[in-house]
Amino acid sequence: MVPTSYYMILSGILFTIGVLGVLVKRNPIVIFMCIELMLNAANIAFVALGRHFAQVNGQMYVIFALAVAAAEVSVGLGIIVSIFRTRESINVDEMNLMKF
Amino acid sequence: MPVTAPSSSEYLPIIVFTLVGIGFVGATLLFSRLIQPHAPSKAKNSTYECGVAPTGNAWQQFNPHYYLFALLFVVFDVEAAFLYPWALAYRRVGMYAVGEMILFVVLLGAGLVYAWRRGALEWE
Amino acid sequence: MTDYRPLAPYALLTILALAVALLGTVPAARRSGALGWITAIGAGLALFISSQSPEATPWLGMLRLDAFSKACNVIFLAALAIISIASTAEEHRTAFAGEFYALLTLSTVGLMLMGASGGLLTMYLGLELSTIALFALAGFSKREKRSAEAALKLLILGSVASAVVLYGASIVYGVLGTTQFFEMSAAMSHPHAAGASAALYFGITFIVAGLAFKVAAVPFHLWAPDVYEGAPSLVTAFLSTASKAGGFAALLRFLGSVQVPEDRTISTLLIVLSAISMIVGNLSALSQKNFKRMLGYSGVAQSGYILTALAAGSATSKTISSALMYLLLYAFTNVAAFLVAQAIHDATGSDQISALRGLHRRRPTLAFCAVVVMFSLGGIPPLAGFVGKLYLFTAAWDGGQRCLVLIGALTSVAALYYYLMVVRQIYLLDPEDDRKITVAPAIVMAISLCTAAILAIGIYPRPFVTMGEAAASAVQVTSVAHQREAAPVVAASDVSSPHLRP
Numbered sequence: 006m007v008p009t010s011y012y013m014i015l016s017g018i019l020f021t022i023g024v025l026g027v028l029v030k031r032n033p034i035v036i037f038m039c040i041e042l043m044l045n046a047a048n049i050a051f052v053a054l055g056r057h058f059a060q061v062n063g064q065m066y067v068i069f070a071l072a073v074a075a076a077e078v079s080v081g082l083g084i085i086v087s088i089f090r091t092r093e094s095i096n097v098d099e100m101n102l103m104k105f
Numbered sequence: 096m097p098v099t100a101p102s103s104s105e106y107l108p109i110i111v112f113t114l115v116g117i118g119f120v121g122a123t124l125l126f127s128r129l130i131q132p133h134a135p136s137k138a139k140n141s142t143y144e145c146g147v148a149p150t151g152n153a154w155q156q157f158n159p160h161y162y163l164f165a166l167l168f169v170v171f172d173v174e175a176a177f178l179y180p181w182a183l184a185y186r187r188v189g190m191y192a193v194g195e196m197i198l199f200v201v202l203l204g205a206g207l208v209y210a211w212r213r214g215a216l217e218w219e
Numbered sequence: 004m005t006d007y008r009p010l011a012p013y014a015l016l017t018i019l020a021l022a023v024a025l026l027g028t029v030p031a032a033r034r035s036g037a038l039g040w041i042t043a044i045g046a047g048l049a050l051f052i053s054s055q056s057p058e059a060t061p062w063l064g065m066l067r068l069d070a071f072s073k074a075c076n077v078i079f080l081a082a083l084a085i086i087s088i089a090s091t092a093e094e095h096r097t098a099f100a101g102e103f104y105a106l107l108t109l110s111t112v113g114l115m116l117m118g119a120s121g122g123l124l125t126m127y128l129g130l131e132l133s134t135i136a137l138f139a140l141a142g143f144s145k146r147e148k149r150s151a152e153a154a155l156k157l158l159i160l161g162s163v164a165s166a167v168v169l170y171g172a173s174i175v176y177g178v179l180g181t182t183q184f185f186e187m188s189a190a191m192s193h194p195h196a197a198g199a200s201a202a203l204y205f206g207i208t209f210i211v212a213g214l215a216f217k218v219a220a221v222p223f224h225l226w227a228p229d230v231y232e233g234a235p236s237l238v239t240a241f242l243s244t245a246s247k248a249g250g251f252a253a254l255l256r257f258l259g260s261v262q263v264p265e266d267r268t269i270s271t272l273l274i275v276l277s278a279i280s281m282i283v284g285n286l287s288a289l290s291q292k293n294f295k296r297m298l299g300y301s302g303v304a305q306s307g308y309i310l311t312a313l314a315a316g317s318a319t320s321k322t323i324s325s326a327l328m329y330l331l332l333y334a335f336t337n338v339a340a341f342l343v344a345q346a347i348h349d350a351t352g353s354d355q356i357s358a359l360r361g362l363h364r365r366r367p368t369l370a371f372c373a374v375v376v377m378f379s380l381g382g383i384p385p386l387a388g389f390v391g392k393l394y395l396f397t398a399a400w401d402g403g404q405r406c407l408v409l410i411g412a413l414t415s416v417a418a419l420y421y422y423l424m425v426v427r428q429i430y431l432l433d434p435e436d437d438r439k440i441t442v443a444p445a446i447v448m449a450i451s452l453c454t455a456a457i458l459a460i461g462i463y464p465r466p467f468v469t470m471g472e473a474a475a476s477a478v479q480v481t482s483v484a485h486q487r488e489a490a491p492v493v494a495a496s497d498v499s500s501p502h503l504r505p
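Residue numbers (the numbering used here), protein chains in the order written: chain A, 6 to 105; chain B, 96 to 219; chain C, 4 to 505.
There's no promise every hint is true.
Stated by the list, open to error - As a list, the in silico DSSO-like pairs of lysine-lysine whose alpha-carbon atoms are at most 27 Å apart: (1) C:K292 to C:K439; (2) C:K292 to C:K148; (3) A:K30 to C:K439; (4) C:K292 to A:K30; (5) C:K145 to C:K292.
Said to hold, decoys possible - The calculated label-pair distances, taken between Cβ atoms and stated as ranges, are: (6) C:G36 to B:A148: 51 to 59 Å; (7) B:V120 to A:L25: 30 to 38 Å; (8) C:E147 to B:N152: 48 to 56 Å; (9) C:T97 to A:R92: 31 to 39 Å.
For the record, the hints were derived by calculation from the structure and aren't laboratory data. Built from N, CA and C at the ideal position, the CB exists for glycine as well.
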């Protein structure tokens, strides 16, 4: 049986990759994929810990988190599409109408 | 604990199967590369689309209407994620679970009615 | 059998949101301007039902419908009702009025869930429900580039914040084996828990950081000025009051009912957040030319004031009651401030502070309300802002955070400068254009309601303090209470696990 700590390490690595991607990438769709990675890191941790504690709760959280992530992506893509329509570019570096 | 952990020897067939799969595909490609005659032409280099001559660019933009359908699909796709655990649990929970699921589906249905009223299901 | 009657306000608001969204697709209903009034009346009704309903903890303690959640509902629903009334003035301009009210209402339901959460899962779901609705609302005037940009900024940073909360929750679950607040307290006081405390603090820090984003505390505030400036003023009014109150409600619920033994780490975190929020928020606001952006930075500073009380001890009755009371009066004050911004924008097309110039000649009643609001934000007696700040700083002082109170007092003086600069524009300078400006009656009515509330709370704060104290006693844990709460939940999850496992 694979020890729970392996899953936790995997989830930590995925979360870190997600955070780095959000910081480094310039395309909002790719940033969104990185955010999904962060959410899925938490999901992996929940499932693995649910098995570790022999509780069904862990899997229950994941179902809710998945539904929430789907809703977030739907709204997010809608916003990105509408931005693309107004300015023909979705590079986050060009989102600079408002500054100090 | 109802989970029976697979021991490492149970993974052995999977590893063998993976290796055989990779080896078979690799060997076939290598062998055909070795014995084939090399005579490229324009028709041969074009993208294979089931025998029909390909039209347009693969990077063309899609109609944004597909996006609306995709959204509606995601909603009902995620609904299925809730229906599976419900299907497993409802025998124990009984009519209460049926009521809750009806409520859930009615809420989603209201969303669908809204999308319909807003004309999201029509092409112009 | 669990008592489901206290869920009535939540059900009412959900049905209201669906009904308003569907009504919005009927052109006749959209033109009449009735949708906003329906929403406002629904919010008022929900508030009444919520105040009358008994207390309950349905669904194995996932929700805690008690005096605390009722007190939070007052804040959220008051903000929803007032903003809905004001929005009726703008309803004819958009074809999507139904969606606007539906999203506002759904966001409110999310915030109410945060206030009533009995565990991290409910808190996360409430957080996401309110935030996702706000993504769409921030970009509501989608033809305007600023609004779309605000929506994208809120979307990316908000999603990251909620992912951070979820990851923190997974770590806490790993350490304690539960995500229900009362069980968490029980697990922490368990003798075996000591070894895992570093990971536990890590997880709690993640959750606090995610919620600090929601309340726009420095260094998680970077979205706030941009989004406040870019989003439509009516949305900003909600975002800066109800949404912020939701973040604080979750923080109070979480930190108040989960008592970390000897929690030096968490209080240090809160002290730092509070101090830099007050300093950075107030200093950045000094140099702003845009009225909404200035209010954005001022909001960051106000979060810092509330955090002083939290840093002094999140579970004391003074902290919780003073924070709730401040959030309530801040809701009235800031909603009024952004409605003034909306009125000025409608009349002059500008969001700059200079657009307020000579307002006392152009529209005396609006000028009076705006000045009351500015004085209340600046904390001048006898207005609500003064009373609220007094309670907050007293709670912090009694909790031993004297240094923070000192920083708070000093930065408040700096803050007075930029609030008084606005008052100077309104009253002391003569307008370039002497003509009267017209303001929609609905907005005037909403601003007057807020101003009346600011004066009332300032002069007679007693009932609100009592409400806050009742809420505080509901959050606090006695060892008897969490043993009684913990037992059935653990049993239920143990029993159900083999059956759902193939």
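Comparing the hints with the structure gives:
With a CA separation close to 24 Å, the supplied pair K292 (chain C) and K439 (chain C) stays within the 27 Å bound. Between K292 (chain C) and K148 (chain C), the direct Cα distance comes to roughly 20 Å. Compliance with the 27 Å bound is thereby established for this hinted pair. Among the hinted pairs, K30 (chain A) with K439 (chain C) is inconsistent with the structure: their alpha-carbon atoms are about 50 Å apart, more than 27 Å. A C-alpha spacing of about 32 Å is found between K292 (chain C) and K30 (chain A), which places the hinted pair above 27 Å, so the restraint is violated.
For the given pair, K145 (chain C) sits about 24 Å from K292 (chain C) by alpha-carbon distance, which is consistent with the 27 Å threshold. Restraint check, G36 (chain C) to A148 (chain B): a C-beta distance of roughly 58 Å satisfies the suggested window 51 to 59 Å. With their beta carbons about 34 Å apart, V120 (chain B) and L25 (chain A) fall inside the hinted range of 30 to 38 Å. Our hint of 48 to 56 Å for E147 (chain C) and N152 (chain B) is violated, since their Cβ atoms are close to 33 Å apart.
About 21 Å separates the C-beta atoms of T97 (chain C) and R92 (chain A), a value inconsistent with the hinted range of 31 to 39 Å.
Going through the hint list in order, the structure does not satisfy hints 3, 4, 8 and 9.
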